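Colleague: Sequence:
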Amino acid sequence: MKRRVIGKRAVHEALLAQGELHVVYVSEKGGAGLADLVNLARRTRIAVEEVSSVFLSHLAKDLPHQGIVAIAGSYSYMTLETLCESAEAGPKHIVALDEITDPHNLGAIIRSAVAFGFLGIIIPRHRAASVTATVVRASAGCTERARVARVSNISKALTFLREQHGYEAVGLDAQAEIPLQALAASDRNRVLVVGSEGRGLRRLVSEHCDQLVRIDMKGRVNSLNASVAAAIAMYSLSTAPVP
Numbered sequence: 005m006k007r008r009v010i011g012k013r014a015v016h017e018a019l020l021a022q023g024e025l026h027v028v029y030v031s032e033k034g035g036a037g038l039a040d041l042v043n044l045a046r047r048t049r050i051a052v053e054e055v056s057s058v059f060l061s062h063l064a065k066d067l068p069h070q071g072i073v074a075i076a077g078s079y080s081y082m083t084l085e086t087l088c089e090s091a092e093a094g095p096k097h098i099v100a101l102d103e104i105t106d107p108h109n110l111g112a113i114i115r116s117a118v119a120f121g122f123l124g125i126i127i128p129r130h131r132a133a134s135v136t137a138t139v140v141r142a143s144a145g146c147t148e149r150a151r152v153a154r155v156s157n158i159s160k161a162l163t164f165l166r167e168q169h170g171y172e173a174v175g176l177d178a179q180a181e182i183p184l185q186a187l188a189a190s191d192r193n194r195v196l197v198v199g200s201e202g203r204g205l206r207r208l209v210s211e212h213c214d215q216l217v218r219i220d221m222k223g224r225v226n227s228l229n230a231s232v233a234a235a236i237a238m239y240s241l242s243t244a245p246v247p
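For reference, each letter of the sequence shown is one residue, going 5 to 247 in my numbering.
These are computed hints drawn from the structure, not numbers from a lab.
Be careful, since some hints might not be right.
Only pairs whose alpha carbons sit at most 27 angstroms apart, straight line, appear in this in silico DSSO-like list of lysine-lysine [unchecked claim]:
hint, residue 1, residue 2
1, 33, 6
2, 96, 65
3, 6, 65
4, 12, 65
5, 96, 160
6, 33, 12
Because the structure is a prediction, the values reported are computed rather than measured.
Work the whole structure out from these sequences, hints included.
Modeller: Written out as structure tokens, the structure is:
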């Protein structure tokens, strides 16, 4: 199934990632930064077609296209087993999302995971956002660099990571006894588990976490957006000292 990569930043990331792009449609009126993207597309032997703004708007639907839209193949999700097979040295933290349904949150979390060097992202196959044009744009194109695995069951995925690869599952829970900053240093890889917007972690998923932590807030706010909370926790894990 073909998908759309919309906007300059997202198309740029897709071209750099050398993913499966079929064609790049660019505004016949031109625009700032478009010439560089056209040249990059042609250097990587991707077809480029100049089209009207009306045609681009039709492709982009309600998303701002900035004069460029690329047509790509279906998103290449990984299996959990493939995700864990990495030759990279150092920590291989993962973020697992328990029914995140807002595509903007999913895109923002993927962007943070790439920025903080996480090995990959795990999302459920059902009752959750998948990688769509909106997610690609919200991630600023980082979906094209990210490793995203889809699984049927988050709880079983946590068990697999623990038993087969030695991961420690750390769940975000506003009611947890341990604050994030007090999380003990560990030489184990960790999987950060983030719950859905509003409801948080489901009970069974929470029970499959080795530890639950909360993010303390000093202001008059009871909770954080899921993508913001995930970004804070990912930064904390990525910068934590290894004993």
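Colleague: A separate judgement is required for each hint: does it hold in the structure or not?
Modeller: Taking the hints in turn, this is what the structure says about them:
With a C-alpha separation of about 26 angstroms, the suggested pairing of residue 33 with residue 6 holds against the 27 angstroms cut-off. A threshold of 27 angstroms between alpha carbons decides the hint, and for residue 96 with residue 65 the separation of about 37 angstroms lies outside it, so the pair is violated. A threshold of 27 angstroms between alpha carbons decides the hint, and for residue 6 with residue 65 the separation of about 15 angstroms falls inside it, so the pair holds. Using a Cα cut-off of 27 angstroms, the hinted pair residue 12 and residue 65 holds, with the two alpha carbons roughly 16 angstroms apart.
Pair hint residue 96 plus residue 160 holds up; C-alpha atoms about 19 angstroms apart against a cutoff of 27 angstroms. Between residue 33 and residue 12 the CA atoms are separated by roughly 15 angstroms; this keeps the pair inside 27 angstroms, and the hint holds.
Comparing the model with each numbered hint stated earlier shows that hint 2 is the single one that does not hold.
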